[in-house]
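What follows is the residue order along each chain.
2 protein chains.
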Amino acid sequence: MSESKGPIPGPVFNPVWLSDIKFDDKGLVTAVAVDHANGDVLMLAHMNAEALRLTLETGRMTYWSRSRKSLWVKGESSGNTQKLISAHLDCDGDALVFRIVQEGAGAACHEGYRSCFSRKFENGKWMRQGKPVVPQESP
Amino acid sequence: MSESKGPIPGPVFNPVWLSDIKFDDKGLVTAVAVDHANGDVLMLAHMNAEALRLTLETGRMTYWSRSRKSLWVKGESSGNTQKLISAHLDCDGDALVFRIVQEGAGAACHEGYRSCFSRKFENGKWMRQGKPVVPQESP
Numbered sequence: 007m008s009e010s011k012g013p014i015p016g017p018v019f020n021p022v023w024l025s026d027i028k029f030d031d032k033g034l035v036t037a038v039a040v041d042h043a044n045g046d047v048l049m050l051a052h053m054n055a056e057a058l059r060l061t062l063e064t065g066r067m068t069y070w071s072r073s074r075k076s077l078w079v080k081g082e083s084s085g086n087t088q089k090l091i092s093a094h095l096d097c098d099g100d101a102l103v104f105r106i107v108q109e110g111a112g113a114a115c116h117e118g119y120r121s122c123f124s125r126k127f128e129n130g131k132w133m134r135q136g137k138p139v140v141p142q143e144s145p
Numbered sequence: 007m008s009e010s011k012g013p014i015p016g017p018v019f020n021p022v023w024l025s026d027i028k029f030d031d032k033g034l035v036t037a038v039a040v041d042h043a044n045g046d047v048l049m050l051a052h053m054n055a056e057a058l059r060l061t062l063e064t065g066r067m068t069y070w071s072r073s074r075k076s077l078w079v080k081g082e083s084s085g086n087t088q089k090l091i092s093a094h095l096d097c098d099g100d101a102l103v104f105r106i107v108q109e110g111a112g113a114a115c116h117e118g119y120r121s122c123f124s125r126k127f128e129n130g131k132w133m134r135q136g137k138p139v140v141p142q143e144s145p
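In order, the protein sequence lines correspond to chains L and C.
First residue of the first sequence: 7, per the numbering used here; consecutive thereafter.
First residue of the second sequence: 7, per the numbering used here; consecutive thereafter.
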């Protein structure tokens, strides 16, 4: 038998970079996508080892959708793809920051906003800031 | 009996802002601290409702330490406190970005680096960038 015991299906997959990543009990790490142009945080999602491998190898941001339980090439259906510029790992090894270029219509958020973090705490409430850059899109 | 049934011990605690937050099955949300001066992501941690309330009310970043299972006023022991500038909620309601001023010696990372994300993916490895701004500190 030569089945892989690693986190990623396949014959052999054990690159140096993988050993520094501390996946949680669901096999995921947190991924923060940041606009390379101005540093704004655009979205927060999760990756399993395969999503991270694809992201690093293809340069196209690929997440793990916890709701759909599947790999999710960001923007594959909407055209709002994300091009990887650089990847950064934190001290605990369980969170990553990716500097990216938001392509397509420029909406990282599935609600059509540039950033998912479009609500700001003001006077005791979360107040929407700005307008969507595109009408509703699917992620 | 007048015990609270809410997520926070106390007689009554049900502010408007709390209803928009989607805590996970452990009662936590993800918190990303960003340097207000230049937008750099400094650290990623977690908050329960009480940590979030304290952060919003005191203006001092307060997290939930998953390892110590206790509230964690950032920098309380090291002096590297974080002053809240603004708080931003994402579309799913389960992640927050906080723009902050990193006080003290300027190290958000318990390893003494300005940012926890001090390792960058280069040539197939996570390579440390820069030097610590302070020697080892406790968080």
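Source of the hints: derived by calculation from the structure; they are not laboratory data.
Predicted model, so just to flag it, every value in this text is computed and none were measured.
We put the beta carbon where it would ideally sit given N, CA and C, even for glycine.
A few of these clues could be false.
Below 16 Å or equal to it, Euclidean Cα-Cα: the simulated EDC-like pairs (lysine to aspartate or glutamate) are [as the list claims (entries may be wrong)]:
1. 131(C) with 117(L)
2. 131(C) with 63(L)
3. 126(C) with 26(C)
Footprint (simulated), chain L over chain C, 3 or more residues, beta carbon under 8 Å [what the hints assert, rightly or not]:
4. 20-27
5. 76-89
6. 118-127
Calculated Cβ distances over 10 Å to all of chain L for the following chain C residues [as the list claims (entries may be wrong)]:
7. 66
8. 92
9. 93
10. 94
11. 96
12. 98
13. 101
14. 102
15. 103
16. 110
17. 112
18. 130
19. 131
20. 139
* To do: Find the nearest Cβ of chain L to the Cβ of residue 103(C) and say whether that gap is larger than 10 Å.
  => violated (5 Å)
* Check on residue 98(C) being off the interface with chain L, judged by Cβ distance over 10 Å -> About 7 Å separates residue 98(C) from the closest Cβ of chain L, which leaves it inside 10 Å; violated.
* **Check of the segment 76-89 of chain C against chain L for coverage (Cβ-Cβ below 8 Å, three residues minimum)** => violated (count 0)
* **10 Å cut-off, C-beta based - residue 131(C) kept clear of every residue in chain L** => Non-interface label fails for residue 131(C): nearest chain L Cβ at 5 Å, not farther than 10 Å.
* Reported absence of residue 92(C) from the contact zone with chain L (all CB gaps over 10 Å) -> At roughly 6 Å from the nearest Cβ of chain L, residue 92(C) sits no farther out than 10 Å, so the non-interface label is violated.
* Does the no-contact call for residue 102(C) survive, Cβ to all of chain L over 10 Å? -> violated (8 Å)
* Would you mind confirming whether the straight-line C-alpha gap from residue 126(C) to residue 26(C) stays at or under 16 Å? => Measuring from Cα to Cα gives roughly 34 Å; hence the hint is violated.
* With d taken as the least Cβ-Cβ distance between residue 110(C) and chain L, does d exceed 10 Å? -> Residue 110(C) clear of chain L: closest Cβ-Cβ about 17 Å, beyond 10 Å.
* Asked: Is the Cβ of residue 139(C) farther than 10 Å from every Cβ of chain L?
  -> holds (14 Å)
* Asked: Far enough from chain L: is every CB of that chain over 10 Å from the CB of residue 101(C)?
  -> violated (4 Å)
* Hey, is residue 130(C) genuinely clear of chain L, shortest beta carbon separation above 10 Å? => Violated: least Cβ distance 6 Å, not greater than 10 Å.
* Asked: Keeping to a limit of 16 Å between CA atoms, is the pair of residue 131(C) and residue 117(L) held or broken?
  -> violated (35 Å)
In summary, the structure is inconsistent with hints 1, 3, 5, 8, 9, 10, 11, 12, 13, 14, 15, 18 and 19 from the numbered list given earlier, while agreeing with the others.
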